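A.B. asks: Please build the complete structure, drawing on both the sequences and the hints.
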Amino acid sequence: MTLPELLPWGSEAEAAALLHLDQLTKPPGSLGRIERLGSWWCGATSTFPARRPERARLYTFAGDHGVTAEGVSPYPSAVTGQMVHNFLAGGAAVNVFARQYGVELAVVDVGVAGGLEGAASSSHAAFLARRVRSGTGNMARELAMTREEAEAAVAVGVACAREAASEGVSILGAGEMGIGNTTAAAACLAATAGMPGKLVAGRGTGVDDAGLARKVATIDRAIALHRPDRFDGMGILSAVGGLEIAAIAGLCIGGASLGIPVVLDGFISTAGGMIANLLVPGVSAWFQVSHKSAENAHWAMSRMLGKDPVHDLELRLGEGTGAILGIDTVRLATRVMAEMATFTSAGVGNKA
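All you need for the working numbering is the position in the sequence shown, starting with 1, plus 8.
Rather than coming from a laboratory, the hints here were simulated on the basis of the structure. In this text, all values refer to a predicted model and were calculated from it rather than measured experimentally. Where hints are given, some of them may not hold.
What the hints assert, rightly or not - Taking lysine to aspartate or glutamate pairs in the EDC-like style, the calculated list, with each CA pair at most 16 angstroms apart, reads: (1) K206 <-> D228; (2) K359 <-> D30; (3) K206 <-> D216; (4) K34 <-> E347; (5) K206 <-> D217.
What the hints assert, rightly or not - Simulated restraints, written as ranges between beta carbons of each label pair: (6) R41 <-> G290: 20 to 26 angstroms; (7) N358 <-> R41: 20 to 26 angstroms; (8) G99 <-> G314: 36 to 42 angstroms; (9) R238 <-> S38: 36 to 42 angstroms; (10) S130 <-> S174: 18 to 24 angstroms; (11) G314 <-> R235: 25 to 31 angstroms; (12) E125 <-> K206: 38 to 44 angstroms; (13) E156 <-> M312: 24 to 30 angstroms; (14) W307 <-> L15: 47 to 53 angstroms; (15) R229 <-> T33: 22 to 28 angstroms; (16) S38 <-> E156: 50 to 56 angstroms.
Ideal Cβ positions, reconstructed from N, Cα and C, are used throughout, including at glycine.
C.D. replies: Structure, rendered in structure tokens:
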């Protein structure tokens, strides 16, 4: 599979933004992360003055996981399809967040096992039927998917980024829906970082102690069975990944190749970003991690990518809820650069 190449980083635009931020009517650096997000945005888009990301779109990729047969989630796989219908009806948390912050929502079936009869775009969300296969295999007993299927799922994400660019979208968010996907994301981290199941597995949607023990054992068994190469992103996806994780990786790569930054959600979305950075080293420069997930191992993914999550609100829902908050914070950063007065224009004295 030939993946798109990265654009040159906008170093001059980033430097100009940093210089401008220091001329605004505030002590240098006093807006903290807001300032760093502003300069990052200019570098990622190679524009200064900053091009404001007014039109934003969140892609929530949905896929099922055969590993749920191992008892790693308290919810049945049928909930994945049911939640897709909830997104399209406007009743999920991500719909509330999207309405509040003016973010377009597109729900993408990249691997739902079933239950999507009658699913169609609505006034609440667009629906994209891009199913590669009906759920992954049970990673503890077989490959999650073939390498060709992993490539096809990555291609779905790349195509979404291209579609968004053609429609004038200037910032992307990555969300997900899939019962069992915290196990897949944790297994991707275990494969990439060489960490055992007990360090990467969390409670996900709320497994009890026995469920957590099954989750740990399942991850360790899958890694021992497949022995994926830690540097082979497509091989990791094939062995223990998820179709939605693969699509998020593709969205990150596609966005970066077009100069469209991506804001990731939490644990599962960051796993997609981690895989993207294996497939195209350096692509992580074009994305942000929106929040620190309540899943303990999220810190390891963030550290591997050199990312400092924007928010810490103890979120662990997924869907793209945190990504929407991150998108709005980036928007705020660009408004600060555009609308704050400089010391000179305001006639305010700067420090000696």
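A.B. asks: Of the numbered hints stated previously, which ones are contradicted by the structure, given in increasing order?
C.D. replies: Violated hints (numbers, rising): 14, 15; every other hint is consistent with the structure.
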